[in-house]
Amino acid sequence: MSKLSIISGIFLIIISLSAIFAPWIAPYSYDLQNPTELLQSPNLNHIMGTDRLGRDLFSRILYGARLSISVGIFTALSALIIGTIYGAISGYIGGRIDNFMMRVVDVIYSLPDLLLIILITVILGRGWISIFLALSLVSWVTVARLIRGEVLRLKELHFIESVKALGANHDRILFIHILPNTLGILVVTLTFRCAAAILAESTLSFIGLGLAPPFASWGTLANDGWGAIKFYPHLTIFPGSAILITMLAFNFLGDGLRDALDPHKKV
Amino acid sequence: MSSNLVYSKTMKIKICITAFFILIFTSCNIAETKNSNIFRMSISTEPPTLDWSLATDGVSFNVIASIMEGLTEFDEKLNPKPAIASKWDVSGDGKIYTFYLRKDVFWTDGKPVTAYDFEYSWKRLLNPQTAAEYAYFLYDILNAYEYNSGKIKDPELVGIKAISPGVLEVRLKKPIVYFPSITTFMVTFPQRKDIIEKYGDRWTEPENIITNGPFKLTKWRHEYQLILKANEKYYNGKPKVNTIKLFVVNERNTALTLYETGDLDMVSLPPEAIPSYREKSEYKNIPLLRGYYYGFNVHKKPFDDGRIRRGFAMAINKEELPRILNGGEIPTDSWISKDMLAHNPKIGVKFNPEEAKRILSNAGFPNGKGLPPITLIFNTDPVNSLIAENVQFQWKRNLNVEVKLDNQEWKVFLKRLKTDTPAVFRLGWGADYPDPDNFMTLFTTDSGNNNTGWSNKRYDELINMARGEGDREKRINMYDEAQRILLEEDIAIIPLFFTAQNVLIKPYVKGLRLDAMELLYLKKLKIERH
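As you go down the protein sequences, you meet chains F and H in turn.
Mapping of the first sequence onto numbering that gives the first Met the number 0: residues 0 to 266, in sequence order.
Mapping of the second sequence onto numbering that gives the first Met the number 0: residues 0 to 529, in sequence order.
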């Protein structure tokens, strides 16, 4: 693995740990307002400055990481599970059922993601669950396509034929012999999906469909700061950078993992 | 590689040509704005209605004030002076006002403005079928309340009568000293019966509307722009500015950017921008006769219990709010606005977090435990969000109560207030005329703008008495008692602060009058060459 992807991995571990332990690491609470310290630029007491209500931005970003990263990971995982099962079944059975299942995917795929997500959050209301559901519902289709393709390829290989000849049933073939071989793709997809989900959640929060105050994800923070970017740029720059760096890290890690797990490259 | 180079050369030529056209296009645009006599400003929302019997909000009233005129108008010191009425007489007992109308005032379709148009409009406002929230504005008139509440059916019994096209006679229940101030207000402006009956709900659309003010509405592209043109037939002479463009810009920061790029001539400043502009000559700060408050729905749990309302009111330190808003707001515990008769800062529930906690625990909710979920609802606006987030935090800090926040668009919010009033909501009240009566009648039982569901007989009685009271001291005492009932005994609302207007106006805009009532007087406006 390249150095860059290792650094990215370490960075992501650190950020996830600090999200988990935010209450111990953050110097202030995420909703603590100090009316005497409004809109301070970064300084020793507040290393990322304070916002319009005198809340410490660093603490809010730490707490925001909890929401942003957990949404990212959980959405990616659920998309992966749904997508893998769906794609594997579709690819393995093949024929008419495959054709039908893939057309369903096409239909969902053809709808604009953001529009669907907005619709779902509007129906379900604001909250962690609805963001998570909305993002999962739209992001499993990409995974399903990937896995189906891979399963289609794998099931024609000789070792599967041998397993069949030995009398293994379909469940066994699919779950013991085919799916483990897609693991490489799965891990790589997971990292890329995480990045995409974090960005999608930020977008959603940025346009005002995120969590209700005082909770804030990075997208919400960036949105709060956006109005004042001319006068208090630190309010946008820090949450924006947090999103950017995390996205980059996930992508580098994904790249690294893909190279590392590619059997052809190893040789 | 070489082919790439050739390609990039053609690209360069293309870019040059495009740039050239963009230059021509933009310079044309600049030329247009420089030589034309246009005033451009932003409004924060689409006006919910331009029907002045039904309007209740500042945006609508500002547009209506530019296209219409009434019997009287305010001078710079906020005293009523003649407008369409050239003069008025008051009978010896103070109960009959006779307005004499000018003969040279015309509607935009050329017909003269008559006393009949006033009679029609006022009776339409009072007609129960119109369901005007401002109907109570005319309750001082004989039988007006009875007609509006359905006790009498015959509008002829109401004390409004056009004696002749030029004379309007108004009979009051009792002497009201400030009645000519009431007639400055938009809901009392005349209306054309023929137009309203012909077009129904669509009579306020630009192709149908007939007005008599300095400007006329020529275009209304919903959610985008309203265009007003100078009215040649205006009786005080055609205004100097030809065109007024009102752009609907929800985001104040967007509006500020438009102002800076020269696409707007006036803009209201978002709080975070105020410190950066405070020293500039374009910056104007105008304290307003406008209160900002949180109202309770006194029928909804948990605020049906007066003790809970008191606890919540006591747990807000209002001093924190102006620091956040930065625009010269004045924190307040009392309701009648500063610079108004009977303003009394001593009245109202004072900040006392310990006492607030004690009250809540005495009411059965020690340390805020056991309260049903509470959602504070406000209309979408960055200022409202900031205040709500601060109050949310203060309630958590001082009472250990978690309140949820939700915001809605202005039109939706207004409807929600009428149909399903939230347990606690934000509203503001700007003076329609500079008299405490205007702030206090708001919370009487019959007021259409009282969304709290609160009703108190003694309060209604006091407001009613104070309205006709000629003696200043007695009147102040009545208002003091009424304010104590509203704010200290029953606590239907929590006043938070009096607002101020913070605007930037381009130096070439002259003659713009902004007053404490938040109204824009555009008729004397002049745009200098720039």
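Treat each hint with caution, since some may be false.
Said to hold, decoys possible - One side only, chain F facing chain H, incomplete, derived with CB under 7 Å:
1) Pro22
2) Pro26
3) Glu36
4) Ile88
5) His157
6) Ala167
7) Arg171
8) Phe191
9) Ala211
10) Pro212
Stated by the list, open to error - To give an idea of the interface, some chain F residues facing chain H are shown, with a C-beta separation under 10 Å as derived from the structure:
11) Ala18
12) Leu37
13) Pro41
14) Leu145
15) Gly148
16) Leu151
17) Glu155
18) Trp225
19) Lys229
20) Tyr231
21) Ile236
To be clear, the hints were calculated from the coordinates, so they are not data collected in a lab.
Note that this is a predicted model, so its numbers are computed, not measured.
Think of the CB as a built atom: it goes at the ideal place given N, C-alpha and C, for glycine as much as any other residue.
Okay, which hints does this one fail, numbers in order?
-> 1, 2, 3, 4, 5, 6, 7, 8, 11, 13, 14, 15, 16, 17, 21
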